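Participant: Chains as they are written, first to last, in this note's numbering: chain X, 1 to 305; chain Y, 306 to 425.
FYI, nobody ran anything at the bench for these hints, they're computed from the structure.
Remember, it's a predicted structure, so these values are computed and weren't measured experimentally.
From the three backbone atoms N, C-alpha and C, an ideal C-beta is built for every residue, glycine too.
Misleading hints may appear alongside valid ones.
[To be verified] Covered stretches of chain X (chain Y as the covering partner; in silico rule of three or more C-beta atoms under 8 Å from a C-beta of chain Y):
no., segment
1, 227-236
2, 259-266
[To be verified] Interface residues of chain X toward chain Y, partial, derived using beta-carbon atoms under 8 Å:
no., residue
3, D47
4, V48
5, L62
[Stated by the list, open to error] PhoX-like mimics (lysine-lysine), calculated; alpha carbons at most 25 Å apart, straight line:
no., chain 1, residue 1, chain 2, residue 2
6, Y, K343, X, K57
7, Y, K336, Y, K412
8, X, K56, Y, K336
9, X, K77, X, K100
10, X, K56, X, K100
11, X, K77, X, K56
12, X, K100, X, K57
13, X, K56, Y, K343
14, X, K77, X, K57
15, Y, K343, X, K77
16, X, K57, Y, K336
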Amino acid sequence: MIRESGDRPQTPSKQGYYYLISGLVFGVILGLIFSLGFAPLRYTDADVAMLDESSKKEYRILVAMTYIAENDLGRAKERLHLLEGDNDMIDLQTQAAQMKGDNGLTVEWQAMEQLLFDLSNGSIGNPVDVEPESEDETETVEEEGILLPDAMPTEAVAMAEEEQNSPAEKEESLESTAVPKETIPPKPTSTTAAAINKPFQLEERLIFCDQTQPQLLQVVVVDEEGISLPGVPIHISWAGGSETFFTGLYGEVDDGYADFEMQEGVAYRIQVGKSDTFVDNLSPKECQAEDGSAFLGGWWLAFRP
Amino acid sequence: MENRRYIGFAITIGAGLILGLIMGWSVFPRKASEMPLKELRMDYKTDYVLMVATIYKDDMDYDAAVVRLSLLDEDIEQLLIDASQIASMEYSVMDSQTINLLLQVVKNHAGILPIEGRYL
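Next comes chain X alone, as it looks inside the complex:
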């Protein structure tokens, strides 16, 4: 028997063995491609933790907005835990930061920020349904000479301010009525939760008459040193509604600034931070333009711990 050099003798049994192995491997590969690629296992009745990232984001928004609506921090925590993330707070913070960058000021973002704030403080922070304990709270403000009569026209308001303030304060007060932004303290370097959590008291209250910004409720919040505080929640409520907004959303104006557009004929009540004091009966005020025509102005309020 003559063999060519280099040829290796192969028995039929050994050839069969290689065919079987290669066939099995080929079949397994085909099966894996099909079961993982073309027809992967479909899950039904999924848990919240199994949701894709966009659904989880929607879920977090919903939890935050529900928290604002019903004020149940425990329930919001339970719902967030269903997501089974490594850290609920970090996920919330990341999403809130993304939302702020993408869309800026939205109700959803405000709700997320409020929930974050209250989770970090372990307290329920939306007191919009809380009724004042007594009329004393409003009276306290009046005693400080800050609350102005509703029917008082702008000129009378200015005169009343002049009577109440010292000479040094007069100029600042009048400037505040015309150009409130100039009285705003310098920007802060940072804001701690402790600073935001302080009870803020109304320090100054002025009728704001500007035809370009009618019916605007402007709020400025500063700390003890007069440094603007961003991220302070301001709870505003009115007959049939409530809302929470935050300082610091208009960085180009001031970090401690926030505003809210009031509706004609509606009386508003606001509470800043964790303060027990409400400011009541805030509604658009009648102002007089230079040409003598009337228009509805707003309020400028300054708060300090």
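With chain X held as given, fit chain Y onto it using these hints.
Facilitator: What follows is chain Y alone, placed relative to chain X:
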């Protein structure tokens, strides 16, 4: 002899295919972490519906509520009916009423609820 090898090859491919399917579906299934809201379990859907209804009761934004519910199911009314039934058994009366409120609004296609009906 040649036929036997082809048959053997085909049989092992088939066996490998079955083995691959078992591995792909049972042993190493694709991680269940990319599920849409539609695939949520019904009790989680009910809680989701409750959240939407609670927000609606607060802001009365019918369009937003419909958009949020449609992420769960295209048949919003049936979804609300199912959620309402579960809520009536497993949730508080207040929660159940909150869902029923939104169900009634969807049924009526009113979009705006009379102010008297805001808080049941």
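Participant: K343/Y and K77/X: Cα distance at most 25 Å?
Facilitator: 23 Å, holds
Participant: Hey, K336/Y versus K412/Y, does the alpha-carbon distance stay inside 25 Å?
Facilitator: This hinted pair is violated, its Cα atoms lying about 39 Å apart.
Participant: Per the CB criterion, is L62/X less than 8 Å away from chain Y?
Facilitator: With Cβ-Cβ at 5 Å, under 8 Å, it holds.
Participant: Between K77/X and K100/X, does the CA-CA distance stay at or below 25 Å?
Facilitator: Answer holds: K77/X to K100/X is near 22 Å, not above 25 Å.
Participant: Is K56/X within 25 Å of K336/Y, Cα to Cα?
Facilitator: 16 Å, holds
Participant: Hey, K77/X versus K56/X, does the alpha-carbon distance stay inside 25 Å?
Facilitator: 15 Å, holds
Participant: Hinted pair, alpha-carbon criterion (25 Å max): K56/X, K100/X. Please report holds or violated.
Facilitator: 17 Å, holds
Participant: Confirm or reject the coverage of the segment 227-236 of chain X by chain Y under the rule of 3 or more residues with a beta carbon closer than 8 Å to the chain's beta carbons.
Facilitator: Coverage by chain Y is violated for the segment 227-236 of chain X (0 residues, Cβ < 8 Å).
Participant: For K343/Y and K57/X, compute the direct alpha-carbon distance and say whether it is at most 25 Å.
Facilitator: 15 Å, holds
Participant: Taking 25 Å as the top limit, are the C-alpha atoms of K77/X and K57/X close enough?
Facilitator: Holds - the C-alpha atoms of K57/X and K77/X are around 15 Å apart, at most 25 Å.
Participant: Take the segment 259-266 of chain X, compare each residue's beta carbon with every beta carbon of chain Y, and decide whether three or more fall closer than 8 Å.
Facilitator: It is violated, with 0 qualifying residues against the three required.
Participant: Holds or violated: D47/X as interface residue toward chain Y, Cβ cutoff 8 Å?
Facilitator: For D47/X, the interface hint holds, since the closest Cβ of chain Y sits about 7 Å away, which is under 8 Å.
Checked against the numbered hints given earlier, this structure breaks hints 1, 2, 7; the rest are met.
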